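S.K.: Chains as they are written, first to last, in the UniProt record's numbering: chain A, 1 to 493; chain B, 1 to 493; chain C, 1 to 493; chain D, 1 to 493.
Heads up, some of the hints might be wrong.
Because identical chains cannot be distinguished in the list, a pair is counted as satisfied if it fits within a single copy or across any two copies.
[Unchecked claim] Straight-line distance between alpha carbons at most 30 Å, and here's what the computed DSS-like set of lysine-lysine pairs gives:
# : residue 1 : residue 2
1 : 6         : 472
2 : 254       : 69
3 : 14        : 77
4 : 79        : 6
No lab work stands behind these hints, which were simulated from the structure alone. None of these values were measured; they are calculated from a predicted model.
Chain by chain, the residues:
Number of protein chains: 4
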Amino acid sequence: MAGEAKISVEELAKHNSESNLWAAINGDIWDLTAFAPTHPGGLEIILEYAGQDASRAYNEVHGPSLAAKSLSSEALKGKLDESTVTEEWKSKQVSNQEHTSHPDEKPDLGSILNTHDFEAAAQKALSAKTWAFQSGAANDNLTHYANLSFYQRIFFRPRVMVGVANPSTSTKIFGREFSVPFFSSPAALAKLAHPDGELAMYRACHDRGTTIIGCNNASFSFSEMRSAVEDQDYPLFYQLYVNKDRQASEKLIKEVSNLRPVAIIVTADLPVVGKREADERVQLDSGYKAAKHMAVQTVSGDKKGSGLARSTGSFIDPALNWDDVAWLKSLTDAPIFIKGIQSAADARKALEHGCSGIYISNHGGRAADTAQPSILTLLEIQANCPEVLEQLEVFIDGGVRRGSDILKAICLGASAVCLGRPFLYAVGYGEDGVGHLIDILKDELETAMQQVGIKSLSEAHPGLLNTTELDKYVYRGDSHPYARKIVRRQSKL
Amino acid sequence: MAGEAKISVEELAKHNSESNLWAAINGDIWDLTAFAPTHPGGLEIILEYAGQDASRAYNEVHGPSLAAKSLSSEALKGKLDESTVTEEWKSKQVSNQEHTSHPDEKPDLGSILNTHDFEAAAQKALSAKTWAFQSGAANDNLTHYANLSFYQRIFFRPRVMVGVANPSTSTKIFGREFSVPFFSSPAALAKLAHPDGELAMYRACHDRGTTIIGCNNASFSFSEMRSAVEDQDYPLFYQLYVNKDRQASEKLIKEVSNLRPVAIIVTADLPVVGKREADERVQLDSGYKAAKHMAVQTVSGDKKGSGLARSTGSFIDPALNWDDVAWLKSLTDAPIFIKGIQSAADARKALEHGCSGIYISNHGGRAADTAQPSILTLLEIQANCPEVLEQLEVFIDGGVRRGSDILKAICLGASAVCLGRPFLYAVGYGEDGVGHLIDILKDELETAMQQVGIKSLSEAHPGLLNTTELDKYVYRGDSHPYARKIVRRQSKL
Amino acid sequence: MAGEAKISVEELAKHNSESNLWAAINGDIWDLTAFAPTHPGGLEIILEYAGQDASRAYNEVHGPSLAAKSLSSEALKGKLDESTVTEEWKSKQVSNQEHTSHPDEKPDLGSILNTHDFEAAAQKALSAKTWAFQSGAANDNLTHYANLSFYQRIFFRPRVMVGVANPSTSTKIFGREFSVPFFSSPAALAKLAHPDGELAMYRACHDRGTTIIGCNNASFSFSEMRSAVEDQDYPLFYQLYVNKDRQASEKLIKEVSNLRPVAIIVTADLPVVGKREADERVQLDSGYKAAKHMAVQTVSGDKKGSGLARSTGSFIDPALNWDDVAWLKSLTDAPIFIKGIQSAADARKALEHGCSGIYISNHGGRAADTAQPSILTLLEIQANCPEVLEQLEVFIDGGVRRGSDILKAICLGASAVCLGRPFLYAVGYGEDGVGHLIDILKDELETAMQQVGIKSLSEAHPGLLNTTELDKYVYRGDSHPYARKIVRRQSKL
Amino acid sequence: MAGEAKISVEELAKHNSESNLWAAINGDIWDLTAFAPTHPGGLEIILEYAGQDASRAYNEVHGPSLAAKSLSSEALKGKLDESTVTEEWKSKQVSNQEHTSHPDEKPDLGSILNTHDFEAAAQKALSAKTWAFQSGAANDNLTHYANLSFYQRIFFRPRVMVGVANPSTSTKIFGREFSVPFFSSPAALAKLAHPDGELAMYRACHDRGTTIIGCNNASFSFSEMRSAVEDQDYPLFYQLYVNKDRQASEKLIKEVSNLRPVAIIVTADLPVVGKREADERVQLDSGYKAAKHMAVQTVSGDKKGSGLARSTGSFIDPALNWDDVAWLKSLTDAPIFIKGIQSAADARKALEHGCSGIYISNHGGRAADTAQPSILTLLEIQANCPEVLEQLEVFIDGGVRRGSDILKAICLGASAVCLGRPFLYAVGYGEDGVGHLIDILKDELETAMQQVGIKSLSEAHPGLLNTTELDKYVYRGDSHPYARKIVRRQSKL
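Looking at chain A on its own, in the form it has when it is part of the complex (with noise of 0.2 Å):
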């Protein structure tokens, strides 16, 4: 069998080319002129390691058994003949000159008091790239720090002498319990902060008694994810990307579904990446040998930048819409929430075309920048539509970085809250980091419940709020002013 064979270092360097494109992956070398075109994260990147071990690039970004999955056997060319290995050779390589990490800086992690510790030390910790990926938004940022600062902007009206010994901070979701009411956001590529990636993450909200979505773009499987805890019924979300392959699509909502997640959680907010500036910058800026060129050749081409982010939304289909819930719904039994719910009359639609639950997402400022604040859709949906509030189960994620700010969002009608980055953050500790961002958390949510009066979550209510602050920035509908006057003028469009 072809796969056995032994390939030197130096006919490995002779399929170089994008019509002839070898690499090494963990030993084992494959032949990716089929599949590179078809990359999620792109064909660019790919062709950076032709004719090359692209093993630690892989790996940062991948788990061991994709590539067996995702390509035919006849890809599978041989082995890496470790005897034609040289120091010189290794050296050459590509991924071995990348920006690296520096994990020796962070400070420990009992130290770290609060998300922003977390995320400091992970500004010291990534590498530029991944720090570019992780922290960046989409073009000027404004709604990422929105997202942020709308939250600090609702004041509590703490009461008082209403005796609030023993807390919970417990939680139901479609009758599953939860320690807390919040989970990991899908977040792409864990494997960037840490080797565990998501297996850690979801290890160590296991052990704390709660969960997390496992993104559509991990670093890991489903089941790779499923087979990382002992108990396989333990509650598990599943978030996708409906794939503009349809087929594709099924098969993969099949397969989930048969690992039984709590729900799915359909992405709708990314119909196209969000122009993430840092990220793209950080790949013009990078010390690859090719990136340079490369970049200047695809500004020049379809102006889509090639950043990390662009590069791994590119199979996202954009013409999914409110027909294809339907669908989704013959495909699985698993209930179906829409993630990226940013205006009451979308909150409504999906009620309508029976959803079991929305998300409320801007996408972490990573879609469209200048988006409404997560909160403030939130407030939107009270304003005019309650009613989902009541029929539907509400996520929301974006700017969450206080037990306050998950205390805020419960009061307002929130079923769960769901932070992004800083589990990513978290996750440089590894599984440990995880388990102390939960407790830290968890501790501040329970502090918060006690301060302002009330010892269960379903105690919470908006009059223990002060929103005036944002009350003035709700979209009201139809009564908005200008709803109905433009007329356009027939020669205008």
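Got chain A sorted already, so can you dock chains B, C and D onto it with the hints?
M.R.: Chains B, C and D only, in chain A's frame:
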């Protein structure tokens, strides 16, 4: 009697564990094994001095009589044998290695023109630990900063040509006359700033015709404060934390009542101590031999942190509720205030439960971070239940830094205004410092009164202010647009 | 005659105490023992020069004729015997050790493009003491900054296509024509900036067709100002502080009236001088031999500080009230303005009491800090008593730095606009500087008029502005939601 | 013919005064004595080159044919005798001592990701003089900054699940199709940034399917622009300043009309040029031999400053008014736009006077400083006269820096959006730079459209936005609370 025995430093050093815990305090050797787990300031801090001389740490925060009062006489094991004390032994005692304050770096008192100058002087002179404890607030300090800025966002509308010669700043509370309408807030552990602590504060206030609110967690007992000036009938307030051990509270209330406080002010806004990160961080960073190790242990344990604030608040009863007002009233003839009112609803509750006063406070931003600023709560009470302002005495603290701030609160219906941090910073200069602070604030208040056109506090009224910038942030009770909209889905919680 | 006697520096030095207090002023030796306690600028400042040569300090703030005018002829003890003057003696005189100004550091007048440039030039060139006195405002300077920023928060809504060739900036006040609708505010002690002080200001204004408002605390007397230009009927305003010694005020008003001021403007917003901390701080920091010691003494005394502002304001009568308008009118035929109007209610009062004009001012932020900005008071008057704008002349100062600011105030109903600090900063360049300032402002005003679409100030109206950002801050009189809610508990005050 | 005579540098140097003023331009010697006083750019700038070689300064701002076109043939005195040219003479010519640009400091075009990068590149590469002229705005730049920030204060409310594959950014104006709804604003003197100036802009726009608005003050004449691309019918707009010399304008309009502009856009917001202080300051600071002296003279004269902006605008007719629309329409068949509309009232006027379009603009903040931001004027028109949006083409510029800004303006009713500074900064890279800019903005626009859920600009509507933050700043016409209250006192004006 055992208490008279001479005990060598070698013998002392043997009793250095949680189960066998001795310490020297001002020449006495105490067995603290039984007491340490019930220490209001927490077990950990005592453990650090196990088998050592704890005098310095003790004296930093406690008056000399407290140990004898709090401990059983059997716990007194004897006297420290001074002949066994060596320089080497001294240098090894933990308490001699602590971060030290820098009293020499204080500017001359004569150069202090306002409370900001006092704050800057304190930051220079205090040890990092004390500065963190006194200046810090909860989480992101957002309420602390809002307390300050919201006063600055109220404009005066001075009236002119009204004749303002010979103004008077005096006021009456429960028939007692005060030269000024401001007092020292109840504030813990003033000895951290100056050996005379609360005694110096009270003496300076007494000299100027005002007073302090003695704190349950003060460095000196209420009877020590009472004795600090000759006139045993001089008005003095007392602030109480209700203890988880209700019998201890009953005993305390009766003792205090015998000392005739003008009122007993029950703190309700600290059912649990807030997360004071500056305080926790300085503990982590401190040079204590054991601190870092212990902090990490604590964090891995209950995640409540080990800052001075959280430690000293662990005895507070989170079960305190409105029904307890009747119990409190049964124990004393003194009028009862509830401190920590943060909503019109609770102001009404205090009125309904027969309290004599309310004290609007968010604990200086040290309880629930993002709790609304105090002055906004006063406006909320005006808008929703002005009868409270007619029928109860209303104190307020949080963010008051100028005589003009004091005048604004009085114009809006407060009976008196309290200041916490400014008095703590001033007491770093001892009694003279506190006197200087009162003189400055009185001058500023008097000047502001004349400038807005009044000669007496009874002429103060809201029309002297332009509160338009804050009015839009006032919570309007049941007219809140979202107050009743949330009906939770059954499956949710 | 004693005044002719030669007195040696040794003799002079002997009279160096409060009870025996001589000083040399421009070669004359005066006995100031009787006068010093009644000195408008305070006793302390004179005490510093006891037994010394006070010429420099005197000349910095006073015109040459003032001493002879204010002191009895018996107080003149003789002439300084120049033959006894030595270099050593000179170097020891307090006034020669003062902080000095740096006139050489001023940029060329031709490079000054706007009032900001004048301010920067003044900060470089003035002594620390003068800069603090002129630039400083009260307490935290919040009103000073709000005065400035509130003009910037008004938008223009320019009208186009209206033909704006040959615009005119001229206006009439009481039938007198002025080339521009702006004057120099009454401002104390212009000699601190330039030896010609108010004389230079008046001459430059006269040359350009505008005028000044002569200040009661000016470096030159009103008659000296009147004589500074040839035309003794040229329009000139006079500003008055009513003296605690009402007879002194009567005498002064009669003298001034003989010099035919266009109007007498009575300052009402300084019943007590505000707390100008920059001013007080520089006194404390100054190199004066005695200053530090004395300041501390003062602070320990009445806490009013010893800044130049507080000292020079000590003669002002805080008992001034509306009934005094009749008294003022009985003393002069000149129209009476009340300066310092800060509410619609007081604007109405001025109308009712038969005043001819009001002058909206918060004393440049130097009186009550956090008093509302001047332009907001003008909007308040419009909203609550527009009849005042029809029936009285309305002057306004505070925060005007651009020709566009002037136009905004005119659009909102002001008759004329005054500027204080900009004229003081400009006079550092003498008459040329003031002329340059007027030219700049006139050009800016004219340009702004054309840009918004008017050719004459009579065409100005509020519709040229978008004041929406300020409208929400306008106090709405009796419709204020809290205006009548406070009913004080009897026991409170 | 005199024009052929050889003239030595010595001879040239003799004609160096206002009354005898020769200069060499690209080898020709011109007698400019008669022309200089009528020079649109002002007399002063020509005087600097009297008796010298003005080629470099001329070429910086003018196309080569302009001199011959503007000057009478008798003014051509001959050719510069190159044999008399020495290095020493060259080094003495004023134009060779000017501040130079630094084109080498520009980053690679491929690294430019957005308009901010273009701005940073321009700041590095341009001479101080050009940077000041292009980047500067009027007075304190407040309108310039508000233009930018007000776009950022509009939130998107993206709609999801609507199928957004294959979006189109194309639009039609007067039946002409454009690939994108944005054009280059009319902008003066593009040669300052690049020798090809407007020609490069037009070519790049033409290549991408969009166009420019040729400026009356362009470096190239309209016919030169028209000839820059092959297709003589390609859509091209023309912008006109009406000249004080109306006959000159008539001639120009007829010439331009023969070149078939899509529309003629008449600028109305610059009856006088604004005070552009950066521009004036750089003139004062420049190394020109004569500049400083002259500037001071100018300042002492009419105080209008001598910046490039004011100089080049001196020919504009301030008497332009609505009645002139009929005159303009009589001169051309091209549709007429009024540019500089800043109020709903004037939008209505344009409709009433038979204009075909309006162009909302505050001249990029270069006219009246603190004029309201452009996007606010668009909202004002919506609120007060939405019929204008139905019946006229509506262009808008000011503060547009992102594709998302363009989309917001379209949602609110604009037909097209124009950008000034970004095109000027991009043309520093020549035609490639402008092409790159268009590609970036088109990509951003397309991405934003998909993200908010539309595939065609005809689907844009206000409901995709949350404009609550701006709605409160919208002037509401006659409902303005102060609009009719001012009745001026007769004696006032």
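S.K.: Hints first: check each against the structure and report whether it holds.
M.R.: Each hint tested on the structure:
1. 6 <-> 472: neither (69 Å within a copy, 73 Å between copies)
2. 254 <-> 69: Cα proximity of residue 254 and residue 69: one copy only (16 Å, versus 72 Å across).
3. 14 <-> 77: within (14 Å within a copy, 71 Å between copies)
4. 79 <-> 6: within (5 Å within a copy, 80 Å between copies)
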